[in-house]
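Trainee: The primary structure of each chain is shown beneath.
2 protein chains.
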Amino acid sequence: MVVTLVHVTVRPDRVADFIEATRRNHEASVREPGNLRFDVLQSADDPARFILYEAYVDEAAAAAHKSTAHYAEWRDAVAGWMAGPRRGERYAGLFPSS
Amino acid sequence: MVVTLVHVTVRPDRVADFIEATRRNHEASVREPGNLRFDVLQSADDPARFILYEAYVDEAAAAAHKSTAHYAEWRDAVAGWMAGPRRGERYAGLFPSS
Numbered sequence: 001m002v003v004t005l006v007h008v009t010v011r012p013d014r015v016a017d018f019i020e021a022t023r024r025n026h027e028a029s030v031r032e033p034g035n036l037r038f039d040v041l042q043s044a045d046d047p048a049r050f051i052l053y054e055a056y057v058d059e060a061a062a063a064a065h066k067s068t069a070h071y072a073e074w075r076d077a078v079a080g081w082m083a084g085p086r087r088g089e090r091y092a093g094l095f096p097s098s
Numbered sequence: 001m002v003v004t005l006v007h008v009t010v011r012p013d014r015v016a017d018f019i020e021a022t023r024r025n026h027e028a029s030v031r032e033p034g035n036l037r038f039d040v041l042q043s044a045d046d047p048a049r050f051i052l053y054e055a056y057v058d059e060a061a062a063a064a065h066k067s068t069a070h071y072a073e074w075r076d077a078v079a080g081w082m083a084g085p086r087r088g089e090r091y092a093g094l095f096p097s098s
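Top to bottom, those sequences are chains A and B. For the first sequence, this note's numbering assigns the number 1 to the initial residue and increments by one for each residue that follows. For the second sequence, this note's numbering assigns the number 1 to the initial residue and increments by one for each residue that follows.
What the hints contain is simulated information worked out from the structure, not anything from laboratory work. Do not take every clue at face value.
Identical copies go unnamed one by one, so any copy, or any two together, can satisfy a pair.
No more than 25 Å apart at the CA atoms, straight line, and that leaves these computed lysine to any residue pairs for SDA-like [unchecked claim]: (1) K66 <-> L94; (2) K66 <-> E89; (3) K66 <-> A44.
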């Protein structure tokens with residue numbers, strides 16, 4: 001399992017827009033071949049901070065996400081709503097082991 | 001979905017021990033009522049950094065994890081292996097919505 005945590009901080013006046021755009025990205029992403037999770041998390045301490053928790057079966061499946069239309073639509077939609085650049089962190093998923 | 005990200009940095013000589021103890025915690029935790037995910041992640045940049053990604057159906061189920069024998073065994077086993085205190089972050093899981 002290959003995992004990316006995408007950290008996003010959103011302008012406070014665009015939180016609702018961001019949630020709606022990210023819901024659409026979630027719904028399409030979980031239907032990608034090789035997707036295991038695409039969880040959208042909102043910080044309990046700061047409602048403008050989000051994590052997209054994206055897990056795929058392998059690197060190829062993770063990379064393929066970036067070539068989808070729904071990813072491009074999300075990326076372009078949210079570009080002006082973020083308070084700063086988003087940040088991705090890569091992890092190996094040890095368990096579950098498949 | 002109620003999510004906790006537990007960040008742990010492990011002493012380099014104890015990484016293998018930590019992985020084995022955390023595997024046991026994972027295997028028992030995913031069988032708890034109300035558990036949705038208990039993913040164990042190892043940083044791609046630093047093999048001594050881990051995240052436990054713990055998702056439960058509600059706060060009660062998340063709290064019940066802390067009263068299990070396998071949680072206590074893990075907590076006590078890893079206490080001397082960490083390079084510093086572990087840090088938990090709480091999130092609301094927006095999507096999937098159930």
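Trainee: Please name the hints from earlier in the document that this structure breaks, with their numbers sorted from lowest to highest.
Mentor: none
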